[in-house]
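As given, the protein sequences belong to chains P and W, one line each in that order. Residues 2 to 137, numbered by the working numbering, are exactly what the first sequence covers, in order. Residues 12 to 448, numbered by the working numbering, are exactly what the second sequence covers, in order.
Don't read these hints as lab results, they were simulated from the structure. Being a predicted model, the structure only gives us computed values, none of them experimental. We put the beta carbon where it would ideally sit given N, CA and C, even for glycine. Careful, some of the hints might be misleading.
As the list claims (entries may be wrong) - Over the 10 Å line for every Cβ pair with chain P, so calculated as not near, a few chain W residues:
1. T171
2. Q369
3. T437
To be verified - Computed spacing ranges between beta-carbons, pair by pair:
4. P:G30 - W:T346: 49 to 55 Å
5. W:K61 - P:N37: 42 to 48 Å
6. P:G30 - W:E430: 48 to 54 Å
7. P:L40 - W:V239: 36 to 42 Å
8. P:R58 - W:R122: 16 to 22 Å
9. P:G30 - W:R167: 39 to 45 Å
10. W:T327 - P:A53: 51 to 57 Å
11. W:R101 - P:A112: 38 to 44 Å
12. P:R87 - W:N44: 32 to 38 Å
13. W:G183 - P:R58: 54 to 60 Å
Listed below, chain by chain, are the residues.
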Amino acid sequence: MLRERGTVSASTPRSRVAISFGSPAGESGVTRLDLNEILIRNPQAAFLVRIAGSAMREAGIDDGDLALVDRALHAGHGQVVIAVYRDEFLCRRLCRQGEALGLQATDPEVAEVWAGEADTFDIWGVVTHVVKQVSG
Amino acid sequence: MFALVDVNNMYVSCERVFRPALNGKPMVVLSNNDGACIARSNEAKDLGVKMAQPWFEVKHLERSAGLIALSANFELYGDMSSRMMVLAARYAPRQEIYSIDECFLDFEGVRGDLAAIGRELRQQVLRWVGLPTSVGFGPTKTLAKLANHVAKTAERKPGTYPQRLAQVCDFGTLRSEELDDVMRRTDVGDIWGIGRKTAPKLHDAGIRTVLDLRRADAATLGRQFSVVMQKTVRELQGTPCLDVDDDPPAQQQIMCSRSFGSPVTELPDLIEVVSGFATRVARRLREQQAACNAVHVFIATSPYRRQDRQHSPTATLPLPRPTADTRALVNAAITALRGIHKAGYRYVKAGVMLVELQSTKQEQTSLELFDEPEAMQPDGRRDLMATLDALNERFGRDAVGIASAAKRSSRSTHASRQERRSPRYTTRLDEVLVARA
């Protein structure tokens, strides 16, 4: 649409300035890479969650990292999830043994949680990516 | 068929997505100054907390019944609402967003099992966004709204309606005696468009249930009450009188309206809001290569804030000549606003609508016929407007604009009491949800 407007008034120098400012795509139709498009498959189901603690370090998730969570995905065995356990949000790996569903930290010192009659948890979303601040 | 989709206890449900400890607890959300309850969980309703009830009247329930009160977090609710609306819009050809937590969908031309579609929609919104909704289907908007009431009430109070109508209720699948039964169980006061004052008058006239109303004579009631009442009765009888006010088709009108997070009273604040809207509609107007002949502005207080005095005026300002110039449209909108704003009212909504549109080509031809000095300038103006649009395209919407539309920094928004507000989990990076690892 922008290009159309440009061609209409391209005879005046001022509008040419406007075109060079205004059209990131240029004439080639190429657009700059956008992290939102690359990382977020379901924008309406996408949430950011701050990680506190080091129990998932072996999965590459450190204290202070920002996790990108997709609530649209079905959580499967081995996936890193955000779960609600005893009214608290936990970042854990989901695991399935037979019928049983459990939450495991990568730190073997941290107790596992297994869903049972007395104790249960809900999956809030699946962690798809982690953002780390490396410098700056 | 129409559907009405709405979120159950919207504000409460938004809070619970991020604070699961609130599930099952009696809780209310307080208005911006923590003065009144503007949302209640089912548990709070069961405690007898009324809609819009002043907080001081129920504060004692904090101790005696564990009632939890939170300050309204409109940034969060707005974002959750937009997620829900985008998902709902995928299910039907047309959507009308009716309020922050409800929308009409027009399923005209859609075949198949609508109740199944409704359940799928409900399931997706619940999974993706975390919000529980109720969905009602009916051949008119009034019936869709009634079906939604049935879906919601059947879930909340088992026994009031057949249990299979809970959550998703499609009137289209009911036999006529089943529909009669549902209407017999529903008081006329629960019907969309029938206010607290009208319901007792209907009762006096012997019309107690929705079934009574549907069997009444629309024309007689129209004379006795109002045109709105006549439409309501006809809609209950299955004759559509209300259409989905979708985005009007191009070349007719362009509108931008919004409800504010918190009430606005001061004229300068309203000027800022209205200027922003005018800037936006002006851009859409130019995208359509059109000009408009008049600017319509409205502001409104909240009918839900019953403690507030009500004032919901509108004004339409004709323009001296057709234009798509942001400055002219912003000026016209501000002029119209100055004419209708009254000090001391708490406005919660405003809108700008451009009316009587015509294509710009037409304008150029007609302008050539007139020899007015200003009419000879529009090329320069169009250039400026093209530059404006290009800069905004390049640097993001509202990067460049008219000064009166400048956004106040978020911190300067009128300091209201929000002592109990939860984090703005989805709109502020330093307030996102924290998960323990």
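Against the structure, test the hints numbered earlier, and report the numbers of the ones violated in rising order. Those not satisfied are hints 3, 4, 7, 8 and 9.
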